[in-house]
Amino acid sequence: DSGVTQTPKHLITATGQRVTLRCSPRSGDLSVYWYQQSLDQGLQFLIQYYNGEERAKGNILERFSAQQFPDLHSELNLSSLELGDSALYFCASSPSYRPGNTEAFFGQGTRLTVV
Amino acid sequence: DAKTTQPNSMESNEEEPVHLPCNHSTISGTDYIHWYRQLPSQGPEYVIHGLTSNVNNRMASLAIAEDRKSSTLILHRATLRDAAVYYCIPADSGNTGKLIFGQGTTLQVKP
Numbered sequence: 023d024s025g026v027t028q029t030p031k032h033l034i035t036a037t038g039q040r041v042t043l044r045c046s047p048r049s050g051d052l053s054v055y056w057y058q059q060s061l062d063q064g065l066q067f068l069i070q071y072y073n074g075e076e077r078a079k080g081n082i083l084e085r086f087s088a089q090q091f092p093d094l095h096s097e098l099n100l101s102s103l104e105l106g107d108s109a110l111y112f113c114a115s116s117p118s119y120r121p122g123n124t125e126a127f128f129g130q131g132t133r134l135t136v137v
Numbered sequence: 413d414a415k416t417t418q419p420n421s422m423e424s425n426e427e428e429p430v431h432l433p434c435n436h437s438t439i440s441g442t443d444y445i446h447w448y449r450q451l452p453s454q455g456p457e458y459v460i461h462g463l464t465s466n467v468n469n470r471m472a473s474l475a476i477a478e479d480r481k482s483s484t485l486i487l488h489r490a491t492l493r494d495a496a497v498y499y500c501i502p503a504d505s506g507n508t509g510k511l512i513f514g515q516g517t518t519l520q521v522k523p
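The listed protein sequences derive, respectively, from chains X and H. Under my numbering, the first sequence is numbered contiguously, ending at residue 137. Under my numbering, the second sequence is numbered contiguously, ending at residue 523.
It should be emphasised that the hints constitute simulated quantities derived from the structure, not laboratory data. Bear in mind the structure is a predicted one, so any value in this text is a computation, not a measurement. Be careful, since some hints might not be right.
Computed list of lysine-lysine pairs in DSS-like fashion (alpha-carbon distance at most 27 angstroms, straight line) [unchecked claim]:
| # | chain 1 | residue 1 | chain 2 | residue 2 |
| --- | --- | --- | --- | --- |
| 1 | H | 510 | H | 415 |
| 2 | X | 31 | H | 481 |
| 3 | H | 415 | X | 31 |
| 4 | X | 79 | H | 522 |
| 5 | X | 31 | X | 79 |
| 6 | H | 481 | H | 522 |
| 7 | H | 522 | H | 415 |
So, partial list: chain H residues that the calculated Cβ filter (under 8 angstroms) puts toward chain X [to be verified]:
| # | residue |
| --- | --- |
| 8 | 439 |
| 9 | 441 |
| 10 | 444 |
Chain H regions said to be covered by chain X (calculated; three or more residues, Cβ under 8 angstroms) [as the list claims (entries may be wrong)]:
| # | segment |
| --- | --- |
| 11 | 427-437 |
| 12 | 478-487 |
Positions of the beta carbon are idealized from the N, C-alpha and C atoms, including for glycine.
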């Protein structure tokens, strides 16, 4: 158990809909990362928040947004969903915003299926 | 972002040592070298990291070349549970907080 909790574990929704994925980081971790893993793209970095502020951005679509709340949990919002958004979405947390000398802990992921 | 090159796949026999190589010739002087692994149907899991000198922990050892352009993850006695995709990641120790995963090496462990 990494200590990172993601909900829900599975989500099935229709094209055009909007969903929210939730992540609770490990106790004390201030940094949260979001990743997308699809079969043909591997693990893609989406976005990082540190103590409520956006810290780094990757290949995140404009239809996607994220935020980190004062209690440090984070939400990833996916809107106008397309079939190609079907993927595993992982959240990770770490104590620092600099991943260099610290390890990141990953949740078990949310499997999103868009039909 | 530093680029990495890893073999697509490797095989090992159970209880034998495994050496997983990674080339990261464009690594910057302040990037740590991280290794993560992903078991089937699970999230990535931290294995080990280092900067310049070799590192050991309960899971593995990390051997870093003197010029830092390559590193090798060493599993001393592979078990069936070690079958996973192993990722080598130069981790930015600067202001950008990204961990960028490449394609990794799929390790098969045969009984």
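(request) Starting from residue 31 of chain X, check that the Cα of residue 79 of chain X is at most 27 angstroms away, please. (result) Holds: residue 31 of chain X and residue 79 of chain X sit about 24 angstroms apart, inside 27 angstroms.
(request) Count the residues of the segment 478-487 of chain H whose CB lies closer than 8 angstroms to any CB of chain X, then report whether that count reaches three. (result) Coverage by chain X is violated for the segment 478-487 of chain H (0 residues, Cβ < 8 angstroms).
(request) Please work out if residue 481 of chain H and residue 522 of chain H have their alpha carbons no farther apart than 27 angstroms. (result) violated (30 angstroms)
(message) Holds or violated: the hint that residue 441 of chain H contacts chain X, with Cβ atoms closer than 8 angstroms.
(response) Since chain X brings no Cβ nearer than about 11 angstroms to residue 441 of chain H, farther than 8 angstroms, the hint is violated.
(request) Take the C-alpha atoms of residue 415 of chain H and residue 31 of chain X, compute the straight-line distance between them, and say whether it is at most 27 angstroms. (result) violated (32 angstroms)
(message) Hint residue 439 of chain H vs chain X: min CB-CB distance below 8 angstroms?
(response) violated (12 angstroms)
(message) At least three residues with a C-beta closer than 8 angstroms to a C-beta of chain X: is that true for the segment 427-437 of chain H?
(response) The restraint on the segment 427-437 of chain H is violated, since only 0 of its residues have a Cβ under 8 angstroms from chain X and three are required.
(message) Next pair to validate is residue 510 of chain H with residue 415 of chain H; report whether the Cα-Cα distance is within 27 angstroms.
(response) Roughly 13 angstroms between the alpha carbons, so the hint for residue 510 of chain H and residue 415 of chain H holds.
(message) So, as I understand it, the hint says residue 444 of chain H touches chain X; can you test that by seeing if any CB pair is closer than 8 angstroms?
(response) Holds. Min distance 4 angstroms.
(message) Tell me if the straight-line CA distance from residue 79 of chain X to residue 522 of chain H falls inside 27 angstroms.
(response) violated (40 angstroms)
(request) Given the hint that residue 31 of chain X pairs with residue 481 of chain H, test it: the Cα-Cα distance must not exceed 27 angstroms. (result) violated (39 angstroms)
(request) Measure nothing beyond the straight line between the CA atoms of residue 522 of chain H and residue 415 of chain H; if it is 27 angstroms or shorter, mark the hint as holding. (result) violated (30 angstroms)
In summary, the structure is inconsistent with hints 2, 3, 4, 6, 7, 8, 9, 11, 12 from the numbered list given earlier, while agreeing with the others.
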